[in-house]
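*Asks:* Please assemble the complex out of the two chains, which come individually in their own frames, going by the hints.
Below are the chains, spelled out letter by letter.
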Amino acid sequence: MRDELYQQTILEHNRSPRNFKKLEGATHVAEGYNPLCGDHLWVYMKVNAGGIIEEAAFEGSGCAISKASASMMTMALKGKTIAEANLLFDEFHKLAIGELKPDQQPNHLGKLTVFSGIWQYPARVKCAVLSWHTMHGALEKTKTVSTE
Amino acid sequence: MTNPYMSTFNIQKLRQDFPNLNIRVHGKPLVYLDNAATTLKPRCVIDAMNAYYVTGVANVHRGVHYLSEQATAAFEYSRQVVRQFLHSAKVHEIIFTKGATESLNLIAQSYGRHFLKKGDEIIISHMEHHSNIVPWQMLCQQAGCVLKVIPINDRGEIIFEEYLKLLSDKTKLVSLVWVSNSLGTVNPVKAVIEAAHKQGAVVVIDAAQAVTHTPINVQELDCDFLVFSGHKVFGPTGVGVLYGKEKWLEAMPPYQGGGDMIKSVTFAGTTYNVLPYKFEAGTPAIAEVIGLRSALEFFQTIGWEGMKQHKEEILDHGTRTLLSIDGVRIIGTAKDKTSIISFVVDGIHPHDLGTLVDQEGVAIRTGHHCTQPVMQRFGIPATARASLAFYNTKEELDILAAAVKKAQAVFKQ
Ligand SMILES: Cc1ncc(COP(=O)(O)O)c(C=O)c1O
Chain A
294 MRDELYQQTI LEHNRSPRNF KKLEGATHVA EGYNPLCGDH LWVYMKVNAG GIIEEAAFEG
354 SGCAISKASA SMMTMALKGK TIAEANLLFD EFHKLAIGEL KPDQQPNHLG KLTVFSGIWQ
414 YPARVKCAVL SWHTMHGALE KTKTVSTE
Chain B
8 MTNPYMSTFN IQKLRQDFPN LNIRVHGKPL VYLDNAATTL KPRCVIDAMN AYYVTGVANV
68 HRGVHYLSEQ ATAAFEYSRQ VVRQFLHSAK VHEIIFTKGA TESLNLIAQS YGRHFLKKGD
128 EIIISHMEHH SNIVPWQMLC QQAGCVLKVI PINDRGEIIF EEYLKLLSDK TKLVSLVWVS
188 NSLGTVNPVK AVIEAAHKQG AVVVIDAAQA VTHTPINVQE LDCDFLVFSG HKVFGPTGVG
248 VLYGKEKWLE AMPPYQGGGD MIKSVTFAGT TYNVLPYKFE AGTPAIAEVI GLRSALEFFQ
308 TIGWEGMKQH KEEILDHGTR TLLSIDGVRI IGTAKDKTSI ISFVVDGIHP HDLGTLVDQE
368 GVAIRTGHHC TQPVMQRFGI PATARASLAF YNTKEELDIL AAAVKKAQAV FKQ
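Residue numbers (the numbering used here), protein chains in the order written: chain A, 294 to 441; chain B, 8 to 420.
For reference, chain B alone in the conformation it holds in the complex (with noise of 0.2 Å):
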């Protein structure tokens, strides 16, 4: 049987979208695999961006002249897109931020600065990117709040009973990454949601890592709130997003005082604007926002089934291929798992391996990404990380292997 959705994805049509795919490196082709660090763009998005600059550039929400209004009109309709893309319930519910790390520390600050207090407990596992922890470690200092962390196995995934034995009556929030950006780990964020809520808990899930890996619907899932990175999703840098569920974004108070936050401001007092205003105080990344719209418009033509096989084959493959190398080893072998490969080499050091590897034309990100607890619960100081995107090729795994045993020969000299 062939499958219908295969013949939609057509790897070398979509390569051809990236202009990024054609530098060379060293005198060799781009071997880009860091694409978990952040993602190449489409021309389209460029194309987006420059549009905005080149034909309608002018701020948004403040003026009455055309320009404005387009600008303005073009902004709403990214916020549209980004819910498509979420399927939140309502298009205020969806708020613009700098990225991840800023929509975290919205929430850190906004929500659990109002809602938190002394003696209460938040939760967050022990793969986390360093966004997920030290807001909430900041928020701890601030509110007494203690934090604590669920254990992961050797295979790199969360042990779902001793986040069942953390939960109580004193957890108030739950943050918790989907996919791990240094194992590749796919969390099951709907049993944690569901064991949360029955505790009364709110949940935070850092979508950073899956907004390319799962299509996402935040009404089916039940998460309070969601966050991701444009960057991380073909769109440019400088833009993110925060979901909330509408009840919480109503009652938390503003995370930025400023322009556009506001419905009135006398010296006797400010009332805040309605959703999703408030929480996007000052000129916002207009050219961004627009060119995040036209990457999750280009992400969603490409068809999930076709790219969900294509990726399972090149994981599948570069994972093979690499254990075939004496002296590799992988970190982080989760029975779900998706698009990454940490790895270590006997005897080379990760950051050797990334320089040698680099003279190959083959970019990957060596170091603790981010993740230094995780780099503690498997006792090392850094890996390896190949990370995959859709237009990543096998040939492209072939070609780190061999960039990789070439490192070793060097090492053996």
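Isolated chain A (complex conformation) (with noise of 0.2 Å):
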């Protein structure tokens, strides 16, 4: 049997997802779309002199998976500096992969383990990487970002 994949946690992300909004003033912005689900949707961060991301906010439209996926991040992303948002999304993108065993390997991920049965999903694993690769993509500049 495969783990159950829409836990609780998931749902209540997909039914009230925090950070859902334009962040104006945001310092990195950009847009992500996965063309075969037709998710889309804008991560923005504000990062300070400090290299310190403030705070993290997104928008747009997806299955629960994506929803979920994204307003866990932004919660996960603030406060955080880039060298550690990084090293999250590598952490994150390994967890979706199945390469890393949360109970088994040491990582940063938290409440984000929520997401660790998403590997036996093949179909379902760009849903949940692509507000990810969008984050890192605003990060490195990039402004679209496509998970086909």
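No lab work stands behind these hints: they were computed from the structure.
As the structure is a computational prediction, the values presented were derived from the model and not from experiment.
One thing to keep in mind: the hints can contain errors.
To be verified - Simulated crosslink set (SDA-like; lysine to any residue; CA at most 20 Å straight-line):
id, chain 1, residue 1, chain 2, residue 2
1, B, 413, A, 308
2, B, 413, A, 321
3, B, 413, A, 311
4, B, 412, B, 366
5, B, 177, B, 153
6, B, 419, A, 311
7, B, 35, A, 414
8, B, 412, A, 308
9, B, 413, A, 297
10, B, 35, A, 304
11, B, 419, A, 299
12, B, 413, B, 328
13, B, 412, A, 305
14, B, 125, B, 161
15, B, 205, B, 173
16, B, 413, A, 305
17, A, 434, A, 321
18, B, 412, A, 304
19, B, 419, A, 434
20, B, 413, A, 304
21, B, 412, A, 297
22, B, 124, B, 261
23, B, 419, A, 305
*Replies:* The structure is reproduced here in structure tokens:
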């Protein structure tokens, strides 16, 4: 049996996504698009002079997985340095493709491990990673990110 | 009155011919409702392809040895069977390709680039599959033609008056899907063809979904070209058909160069082979062509009447059952419609729905179904789509409906 994908936390974030807004005065913005699903979102971040992400937000439309993932990501990013955000991106990506087992390997994922079963749903991996790739693109100053 | 054909339509017996219908998915019996993407294969198709590999493997049109002659005979016999299936006048009007997509590209690149000039107009509809959009866009870029699109109404039907307005003496080609894979709409192809011919335009019919819906007679239809894929009519992937009127095929340049398509090759110049070989460069998909023959023979033994009635019943049952669920809306409500139920559920993205019903063993497609302009027309990112074949049952549609309700319960948690 596969792990349950639609866990309470995911359903709850889908229903009431956090930081679901356009962020005025954002220093980093990127647009993410998954042509296969039609998932489409924007990620905003406000990075201060010290290189700390003061605020992160997103808006757009997509499935429950992409929305919950984006919502939880914006929460996780707050207060992180760019280096920490990039590390988290790397860990989340590995988690999503099943290369990082959170109960066996040290990591900084915290609540994001709710996505640890997603690798068992290969068609849905790109839903979970879309916002992360978009965030990564924003930090790298790539304007549009596509997960095709 | 009992329908004399109905007695021959024995669904339980027919289902036994499909080994795939016995598989289990996530511990549940498979409910396969993704027939517009590809159909399941009956045992006879699998056996025919195996037999070629086990007992008779050889190339075609090349050897004088026994096996090659056998393979060539089997390959050419398949062409006869396709000719009968489409009722074309001549067997060499049947060209084997990789599939509907390659057939459409062949027409665009060979007919289109040869006959269409700058400023000529091509008409397609708003409900085309990407494979009947992109090849024409490419041709327009190459040859400077202009693409015109017949709009569709809220039911998902082409607006015929608008089509007539688009037609002019600039129109050189009309390419239309017969049965829409995302809406189920059955287009009035006969009337479309007649109107186009009055303007002197040729007509291409994408019959990818129509082959399982209605008997086809290309001579009666009078279409100039017609295409379909083997894998959507219970045959293998990797083989498809292009039908073209002899006069066009004769006048068209080859699509690809290579072996089999030539009569003689010298460095001074090459003469091309006759039809149909001119368009069949290289070693073809021999086992697949043999499998396609078996699929068409199998399919034609079922009997259109009984099958049609059964498919109408399950479409009607599925539509009503889904509509009885709160929050379900059907996209594509054409008066003339077949086999396809595209739907959206309030508050649940189609992809989440697809994953959740898959847990119940139900295979549906979710997404844009390679028809992004249709999604744009209806202002939605995607739909869930149940697409039916004759082997589907009312009970399977009830399982789908129950799975949709279960998904709603998950999302209401
Ligand atoms: C209406 C229609 N046209 C064309 C195609 C393309 O067929 P293939 O991918 O087999 O070439 C499809 C397949 O999805 C289709 O449904």
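*Asks:* Does the structure break any of the earlier hints, and which numbers would those be?
*Replies:* Violated hints: 2, 3, 10, 14, 19; rest satisfied.
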